[in-house]
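Student: Protein sequences, first through last, are from chains A and B. FYI, the numbering for the first sequence is -5 to 259, going by my numbering. FYI, the numbering for the second sequence is 2 to 480, going by my numbering.
Hints were generated in silico from the structure; no laboratory data involved. Using N, Cα and C, we set each Cβ at its ideal position, and we do this for glycine too. Incorrect hints may have been included.
Dumping the calculated DSS-like pairs for lysine-lysine here, alpha-carbon to alpha-carbon at most 30 Å [what the hints assert, rightly or not]:
#1 A:K125 x A:K83
#2 A:K83 x B:K474
#3 A:K146 x A:K93
#4 A:K146 x A:K106
#5 B:K373 x A:K106
#6 B:K474 x B:K373
#7 A:K106 x A:K125
#8 A:K16 x A:K83
#9 A:K37 x A:K16
#10 A:K93 x B:K373
#11 A:K100 x B:K474
#12 A:K28 x A:K93
#13 A:K28 x A:K240
#14 A:K83 x A:K37
#15 B:K283 x A:K83
#16 B:K283 x A:K106
#17 A:K93 x A:K16
#18 A:K125 x B:K474
#19 A:K93 x A:K106
#20 A:K240 x A:K37
#21 A:K125 x B:K373
#22 A:K37 x A:K146
#23 A:K28 x A:K16
#24 B:K233 x A:K146
#25 A:K93 x A:K37
#26 A:K93 x A:K125
#27 A:K100 x A:K37
#28 B:K373 x B:K283
#29 B:K373 x A:K100
#30 B:K289 x B:K373
Sample of chain A residues lacking proximity to chain B, with all beta carbon distances greater than 10 Å (derived) [as the list claims (entries may be wrong)]:
#31 N24
#32 V32
#33 L74
#34 N102
#35 S122
#36 A140
#37 Q193
#38 V233
#39 S252
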Amino acid sequence: MNDMRLTERAVDQETTKITARKVQVYYGDNHAIKNVDVDIADKTVTAFIGPSGCGKSTFLRCINRMNDTISTARVTGDILIDGEDIYDKRVDPVQLRAKVGMVFQKPNPFPKSIYDNVAYGPRIHGLSSNKADLDDIVERSLRRAALWGEVKDRLAAPGTGLSGGQQQRLCIARAVATSPEVLLMDEPCSALDPIATAQVEELIDELRQNYSVVIVTHSMQQAARVSQRTAFFHLGHLVEYGETGKIFTSPEDPRTESYISGRIG
Amino acid sequence: MTISWLFLILLAVGTMAFLMARGRALASVDGDARNLHSLPIYYGLNGLLTALTPALALLAVWLIVQPIAIDASVKGSFPIGALPEGGTLDLVMSDVRRVADGLDAADAPDALSVEEAATLLGSGGVALGTTLTTEVLTAAQQYRDSRSTMNLFMVVAVLVLALIGGAWAVMRTNGDFRARNVVERGVLVLLIAAASIAVLTTLGIVLSMIFEATNFFRQYQWTDFFFSTTWKPSFSGRGGGSELGILPLLWGTLYISFIALVVAVPIGLFAAIYLSEYAGPKFRSLAKPMIEILAGIPTIVYGLFALVTVGPLLRDAIASPLGLGNSASSVMTAGLVMGVMLIPFVSSLSDDIINAVPQAMRDGSLGLGATKSETIRQVIVPAALPGIVGAVLLAASRAIGETMIVVLGAGAAARLDLNPFEAMTTVTVKIVSQLTGDTDFASPETLVAFALGLTLFVITLGLNVLALYIVRKYREQYE
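The shape of chain A in the complex, shown without the other chains (with noise of 0.2 Å):
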């Protein structure tokens, strides 16, 4: 990986994918998120970065909204994907997310085979027409998830007898079975060893050809070895939004520079 020439990293599309405007969110009477706009570009990987409780894993829940299956959080504001206001009355939450795969931050498999783990959401979407058809999806699924080769023999084992490492692979694969658009990822890796890390991370970087991704981390290392684009929350609001190379290298505002200096967080 080219962590050390972080400068030298372009972004190499600039099609947006999630369009946010004024994004507001309330957990009862908390105000999480505050007046949020982002602009998320297509095929690249964005990390959301900052302080615990800043509001990072919120903001990423309302791009799938997530959030409604909390009762007492409140959205406002829009967020379009493609342009369509996806907290439109017309628009399906169930829907929507089968076009925004979700990772979540501990490995969570369901308690069935590796095969069926990845079967699960081309099942209930119906998108295979017969079992070839669903073999085939999951062998993708796997391939792209760089789990194919360590459990094409045993597809019949349980998720959960898998390793955290191959677990999380797992979840990546089973999003990845559903093709989304868009790939959200809650701190993906921060139960992971470094090895499992490093091999989820160079996942993400592959998966950034076919799908946006957004990444939050509490690791201002891995923001830097896999984003392009990098966004840095702070009590709710978002700070400083840019490309990777120059939040870390130069960043405009003191926040962002304290945090990642170390010196608040």
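Based on the hints, put chain B in the right spot on chain A.
Tutor: Only chain B this time, still in chain A's reference frame:
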């Protein structure tokens, strides 16, 4: 000296040991508790436990063994020729014990004539099986005699043991003694003892059932018991003429339990899913206790409900018009009411189990674009399945063991029939009816109750084993 006094003295000895051991420990380090291996209280507790545990154990064993030993010795010296006509030694012995207790209560002197004793006992209200004879009186006096001697021995032995234990503990105490470890080992022993009591009780129950059931099978053909389709006990003669086939009872039990589970499992499970996944916290906090109230209603009340409301309703609304029978007591009545009784078992346990499925599972499924009901069907229920099966089995064993609702709802007629609007009865009801009233524990009509009980026990055990197997095999384990 009575046992309660002995207890008080033992307690005093224990307290002494506690104080002395603690004092000695503190004295050995000149009062600076920091130099002790353990906290001072552990030295004290060690004294207390060492003084009391062996003494109390001895006391318990003694209290169990003493009556048996005295009985045996008095029995041995009772002149066989003095047995009354048709009486057995056991009957006479119970008289002897009663006389001895009566004399003790009257605080009678050791030397008494038969007449004096009879008057004393009469005024004390002691009823005897036969008139008091010299032999019985002698035996009773002998009984009293050895009992008081043995009691004295017991007190002395227990107290000496307590004192030795306490002294030993105090002697052993010094600053380096690892009192904490010793006390913790003692506590471990107590815990093991508590666990074994539970296991041993079960074993004892099973053994007593097996013992009585063997007596039954000695008098009654086992093939007739297990394969006969008629249940017709006769209480007129001893044995003979009774037909004690278990099949009609077993059929009734399984039929009623089946209907009860058909009612309780879907309703309970759906209620649990609604409460844990859909209901708001306010509704949930109201509805859950309400459902659990159902579990607190005594089954006899359910029985009354079956008898006066459900039974006649079913008869008038369904059974009579369809020509299926005109009895208010029916399998359907008992099954429905029992099902209602079981709903809270299924729903409350399933609700807890569904709640225990990690939120990450729900997030994972919802995050893939599954709807709430897909998530419940395909992720949450499979993950909670072992617990749900457990809840259903608990309900099933409640249903199989239920008696009151059956008596009042389904009647007491043993019948082998498919029609759910006929009166039938269950194994438990027949156990009760065979054991109530004037029973003779030597006749098969009474002993059959134990064979029935044992069969029921084996069935529920088999059910539990089956459930364990199913759960192990199909479990989808999370984390």
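Student: Holds or violated: K93 (chain A) and K106 (chain A), Cα atoms, limit 30 Å.
Tutor: Within the cut-off at roughly 23 Å; holds.
Student: Are the Cα atoms of K83 (chain A) and K37 (chain A) separated by 30 Å or less?
Tutor: 28 Å, holds
Student: Starting from K100 (chain A), check that the Cα of K37 (chain A) is at most 30 Å away, please.
Tutor: Holds. K100 (chain A) to K37 (chain A) sits at ~25 Å (cutoff 30 Å).
Student: Given the proposed pairing of K373 (chain B) with K106 (chain A), does the C-alpha separation stay at or below 30 Å?
Tutor: 18 Å, holds
Student: Holds or violated: are the alpha carbons of K28 (chain A) and K16 (chain A) at most 30 Å from each other?
Tutor: This hinted pair holds, its Cα atoms lying about 8 Å apart.
Student: L74 (chain A): least C-beta distance to chain B exceeds 10 Å?
Tutor: 19 Å, holds
Student: Compare the distance between the alpha carbons of K125 (chain A) and K83 (chain A) with 30 Å, and conclude whether the hinted pair is satisfied.
Tutor: 35 Å, violated
Student: What's the verdict on K93 (chain A) and K373 (chain B), does the C-alpha distance respect the 30 Å limit or exceed it?
Tutor: OK: K93 (chain A) and K373 (chain B) at ~17 Å, within 30 Å.
Student: If we take the beta carbon of V233 (chain A), is the closest beta carbon in chain B still more than 10 Å away?
Tutor: 27 Å, holds
Student: Has the given pair, K289 (chain B) with K373 (chain B), been kept, meaning a C-alpha gap of at most 30 Å?
Tutor: Since the Cα atoms of K289 (chain B) and K373 (chain B) sit roughly 21 Å apart, the hinted pair holds (cutoff 30 Å).
Student: Hinted pair, alpha-carbon criterion (30 Å max): K83 (chain A), K474 (chain B). Please report holds or violated.
Tutor: 45 Å, violated
Student: Taking the closest pair, is the beta carbon of N102 (chain A) still more than 10 Å from chain B?
Tutor: 4 Å, violated
Against the hints set out earlier in the document, violations occur for numbers 1, 2, 16, 24 and 34.
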